[in-house]
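In the numbering used here, each residue carries its 1-based index in the sequence shown increased by 15.
Think of the hints as simulated: they come from the structure by calculation, not from any bench. Among the clues, some could well be false.
Straight-line alpha carbon distances no greater than 30 Å define the calculated DSS-like cross-link-like pairs of lysine-lysine that follow [unchecked claim]:
#, residue 1, residue 2
1, Lys-280, Lys-336
2, Lys-66, Lys-155
3, Lys-345, Lys-298
4, Lys-255, Lys-155
5, Lys-63, Lys-155
6, Lys-345, Lys-280
7, Lys-193, Lys-93
8, Lys-66, Lys-298
9, Lys-280, Lys-294
10, Lys-294, Lys-345
11, Lys-155, Lys-82
12, Lys-294, Lys-255
13, Lys-82, Lys-96
14, Lys-294, Lys-201
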Amino acid sequence: MNVAIVIPTINRPDFIHRQLRYYANMSCQHPIYIGDSSNDEYIDINSKTVKSYSNQLDIKHLHLQGKNDLQAIHELLKTTKEPYAAFIADDDILVPESLSICSAFLDNNPAYRMVSGTSLLSYIQNDVAYGPIDSVSQYKQLPLEGASASERLINFMSNYFVTLFYVHHTDEFMEHIKLAESIPDKSFRELLSCCASIVNGNAYVLNQLHMVRQNHSERYFLPDSIDWVSNSDWSHSYNKFASLLSNQLAISDGISVRHADDIVKRAFWSYFSRELSIKFQQKYRTKNRLDSRLLAKMKKSSIVDHGIRLSRRFLPGSKHKIHIDTILSKNSPHRESFQNIYRSIEEAPIITEE
16 MNVAIVIPTI
26 NRPDFIHRQL
36 RYYANMSCQH
46 PIYIGDSSND
56 EYIDINSKTV
66 KSYSNQLDIK
76 HLHLQGKNDL
86 QAIHELLKTT
96 KEPYAAFIAD
106 DDILVPESLS
116 ICSAFLDNNP
126 AYRMVSGTSL
136 LSYIQNDVAY
146 GPIDSVSQYK
156 QLPLEGASAS
166 ERLINFMSNY
176 FVTLFYVHHT
186 DEFMEHIKLA
196 ESIPDKSFRE
206 LLSCCASIVN
216 GNAYVLNQLH
226 MVRQNHSERY
236 FLPDSIDWVS
246 NSDWSHSYNK
256 FASLLSNQLA
266 ISDGISVRHA
276 DDIVKRAFWS
286 YFSRELSIKF
296 QQKYRTKNRL
306 DSRLLAKMKK
316 SSIVDHGIRL
326 SRRFLPGSKH
336 KIHIDTILSK
346 NSPHRESFQN
356 IYRSIEEAPI
366 ITEE
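The whole structure should be built from the sequences, with the hints applied where relevant.
Written out as structure tokens, the structure reads:
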């Protein structure tokens with residue numbers, strides 16, 4: 016069963032080209048929907064790129080200038096014909112084989128409303144669209160089940176992860192995006208769309224490579240916690256987020272809106288307190304490190320360097336980078352899928368002027 020690949024983009028033609036070239040190399044059969052909010056110059060470049068792959072891929076390119084992220088996704092979902100859909104950012108890549116497996120899983124497991132797979136965050140030399148990948152780390156995509164929507168929401172917000180990249184039932188995904196698209200604040204738009212998906216039903220994660228994201232300086236980062244709460248839109252956006260989510264939770268669990276309000280408040284409080292701590296530690300923590308000069312000397316030793324690289328392979332948790340040789344090793348279950356992405360990213364295409 017085909018899955019609609021939904022890609023909003025703005026002023027990043029190199030990433031669009033990279034993603035389409037990968038899908039063409041993989042003979043991807045899943046339809047691709049691009050929502051382009053770029054300026055005229057970049058829309059023209061993207062149009063030429065889409066045309067160059069139109070004989071190999073099923074691509075629809077919509078001009079959506081002036082639309083925010085979720086508005087663009089909503090417009091794209093309205094044009095899809097496929098029963099399942101997955102969002103992907105323009106600078107990331109979905110594995111077509113995983114999409115097919117995910118759609119089959121949803122077909123056969125109605126108790127689950129969305130599904131994903133193993134996902135990685137890549138680090139590319141020189142911080143650009145093309146080049147050797149130095150290392151990767153795990154990108155959090157988790158299974159989540161619960162007897163009630165309230166239980167799922169509380170557990171989800173205590174260990175938040177982004178569900179937008181999961182394969183969803185298209186009609187349900189569109190409802191969740193539509194619910195959140197009018198919220199002024201981008202962080203609350205993401206939160207509500209993800210919470211709505213969790214309230215809707217269980218999530219599952221399969222043991223296959225599903226997505227590779229890229230960490231780079233041109234990513235669209237959400238603001239840090241203090242900048243977020245001091246934003247003039249914060250109070251209005253939070254109240255709208257809480258009200259819309261409470262109403263959905265009340266309907267799903269058959270409880271009063273007042274009761275749902277309390278659950279949403281508890282869930283958000285859990286999320287926010289954890290985020291404050293994490294963001295503070297990321298920005299201000301001090302680490303006990305070896306003297307930089309000593310460390311530099313140690314790295315010159317081939318034996319020490321090999322030891323450092325080897326140790327990375329066995330460090331647990333998503334915060335630790337994994338050396339690229341580990342993913343490409345014979346024992347890696349994701350070797351073939353990742354190798355195809357690695358090749359697409361490593362070498363820039365040769366583009367000739369028409």
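Agreement of Lys-294 and Lys-345 with the hint, judged by alpha carbon distance not exceeding 30 Å: Outside the cut-off at roughly 37 Å; violated.
Hinted pair Lys-280 and Lys-336, Cα distance within 30 Å: Given pair Lys-280, Lys-336 is violated - Cα atoms ~35 Å apart, limit 30 Å.
30 Å limit on alpha-carbon distance, applied to hinted pair Lys-66 and Lys-155: 35 Å, violated
Straight-line alpha-carbon gap Lys-255 to Lys-155, limit 30 Å: 27 Å, holds
Distance restraint between Lys-345 and Lys-298, which requires alpha-carbon spacing of 30 Å or less: The given pair, whose Cα atoms are some 37 Å apart, is violated under the 30 Å limit.
Satisfaction of hint between Lys-255 and Lys-294, Cα-Cα up to 30 Å: 24 Å, holds
30 Å limit on alpha-carbon distance, applied to hinted pair Lys-66 and Lys-298: Violated - the C-alpha atoms of Lys-298 and Lys-66 are around 44 Å apart, more than 30 Å.
Hinted pair Lys-280 and Lys-294, Cα distance within 30 Å: 21 Å, holds
Distance restraint between Lys-294 and Lys-201, which requires alpha-carbon spacing of 30 Å or less: Distance ~18 Å between Lys-294 and Lys-201 Cα, so the pair holds.
Hinted pair Lys-345 and Lys-280, Cα distance within 30 Å: Between Lys-345 and Lys-280 the Cα gap is close to 48 Å, so the pair fails against 30 Å, i.e. violated.
Given hint Lys-155 paired with Lys-63 - CA-CA distance at most 30 Å: With a Cα-Cα distance of about 35 Å, the restraint between Lys-63 and Lys-155 is violated, given a limit of 30 Å.
Hinted pair Lys-193 and Lys-93, Cα distance within 30 Å: 10 Å, holds
Checked against the numbered hints above, the structure violates hints 1, 2, 3, 5, 6, 8 and 10; every other hint is satisfied.
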